[in-house]
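Enquirer: Sequences listed follow chains A and B, in order.
Under the working numbering, think of the first position of the first sequence as 3, with each following residue one higher.
Under the working numbering, think of the first position of the second sequence as 239, with each following residue one higher.
These are calculated hints, taken from the structure and not from any lab test.
For each residue, glycine too, the CB sits at the ideal point set by N, CA and C.
Everything hinted at is true.
Heads up, incomplete: computed chain B residues facing chain A, CB under 7 Å, no partners named:
#1 Q299
#2 V306
#3 H316
#4 P362
#5 D384
#6 L399
In silico negatives: residues of chain A with every beta carbon more than 10 Å from chain B:
#7 L68
#8 R135
#9 T158
#10 M161
#11 W173
#12 L189
#13 R223
#14 A225
#15 D228
#16 E308
#17 E356
Derived lysine-lysine pairs resembling DSSO-like cross-links, with alpha carbons at most 27 Å apart:
#18 A:K14 <-> B:K359
#19 B:K401 <-> A:K359
#20 A:K91 <-> B:K401
#21 B:K291 <-> A:K14
#22 A:K387 <-> B:K401
#23 A:K331 <-> A:K359
#24 A:K352 <-> A:K331
#25 A:K79 <-> B:K359
#26 A:K352 <-> A:K387
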Amino acid sequence: MTVTDSKADTAKLDAALEHLTADHSVLRLSETEAERRSGYQADSERMIMNMGPQHPSTHGVLRLVLELEGEIVTRSKPVIGYLHTGMEKTGEELTYAQGCTNVTRMDYASPLFNELAFSLATEKLLGIEVPERAQWIRMLMCEMNRLGSHLLFMATNGMDLGAVSMMLYGWREREEVLRFLEMVTGLRMNHNYIRPGGVAADLPDGWRDSVIKILETLPHRLAEFDTLLTGQPIWRERLQGVGVITAEECLALGTTGPILRSTGFAWDLRRDQPYLRYDDVEFDVVVGTYGDCFDRYAIRLAEIHESIRIVWQILEKMPTGDYRIQDKKVTPPPRARIDESMEALIHHFKIFTEGFKVPEGEAYAAVESPRGELGCYIVSDGSAKPYRMHIRGPSFVNLQTLPHLMRDSLIADTVAIVSSVDPIMGEVDR
Amino acid sequence: MAEAPESAVDADTPADEVAPVPAERLHGALVVRVGDEVVLHAERSDLVQLVTKLRADGFWQCIDLFGVDYLTHPGRSHLPAEVTPERFEVVVSLLNHNESRRVRIRVQVPEDDPTVPTLFKLHPGTEAMEREAYDLFGIVFTDHPDMTRILLPDEWSGHPLRKDYSVGRIPVQFKQGSTER
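All chains should be modelled from the sequences, with the hints used to inform the complete structure.
Expert: Here is the structure:
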């Protein structure tokens, strides 16, 4: 649980690269070929099998084409795209003010991070900095969202491995967090709360008590998780040594987040390229040792504790002030003004129909989402809509580790491995 | 990642007019600084060599790779004068963990020959990203091990993120399911 900066060395990196590019763990088959060869083949020891796209452990619609030798997976390939709805194209049709409603639907387990990345990129192009209170509100909401997302992982990871009661406990705790998010944003998911220029509304009365209640109950519940899972021999048996990956392989594959950290490589954007006010809070970047499924589970559990620590500090340091920038070009007038002033009404109407114009240029902003680096790249042509909006989804990139994690593992372990990567298909397919 | 504290939003002054230092080069690629971001402009033929050198410098991770179609916005002002604008652009984002630095490489790709050498041999993680750029923009990455569609069905026609591919006017294409098992 300490911050040790073990940086990879170049020789190991080159070895990993050689092994990954020459590796035969990725099954590169066309769909027709996979279909032709699926099922038992009399002339071959190996069998092609489809897992998914509808399988309870695939967290949505992930399809895995597995090549099996008996019960051992030799090669595999994740097939994606079942949830592709062209959200990047949609993003080009929406104004910057509307953009958050679109991006928030990508990673639906941690929607606030999508909104944050989008807003940060837009604000970079606008050259504005949001007020102090808005920064801290954003941090509070994101850390609460991280709690929710990791608790959901605890639930699904338990369920995938047969600890079905875990599903209920994880979901129960997450529900508490969602209730708080609903109290602040009005919605349980897809909040559209963090917007370019600040946040949609100030924190409501009683928010502090709700947060404290969650922060005070969670540690006890997490202790139950420890009893139920962490120290339990069956649980450890299923996870330890399963789906091992090294730091060098992670770097070569572009993997970020808990998977990279599980290998002992301490890299967290909150600490290493701080955004918002992460400079002003204290927390540890938790790293693993072996890079196996158990480390990935343990890291997420520990990150819940770290998030709780961060939120306590946020409660202490939350400043007063504006929750959005008072820049008439970006911010609509307060609701009360609309009733009394014609100009305010026009101003409001203009911002919500035409949107605000963003200077020409390009910008990239990245945040540490519960799954890794979530980036947003925006090209602006000077109009009120992004010319190009690209989201770097951590799940999309992390999914490429699957064939390497699964190589030579048992078919029963594939479920543990997919679960430990924690992909959110909405973000993978966008 | 704190932005430069510019208080006023001025639509007349693009944010990237801050400091385009002319003629700064890194491994032969033109360097442009946009705020706190470093952008390199590379020739298509030099891309692999540039990424190799950057990798030796500690840029171990390729964080992102994607395409941009500038069909309806050809004269973008954020491009230095030395670079000839083309219709497509491939953007590669690299990360150096030791120095906590990022660079972004922008490569111009002409419309009549939309090919780019693959970075798979240097960063195997670009496999899915390049497939995505191929799928959505029709940019072909030469020597890529599996240059197929990734998000759309194999028999889909067209590349949706191109600017001449309109929204809402394309009939839904369904795949014919096989009737026998």
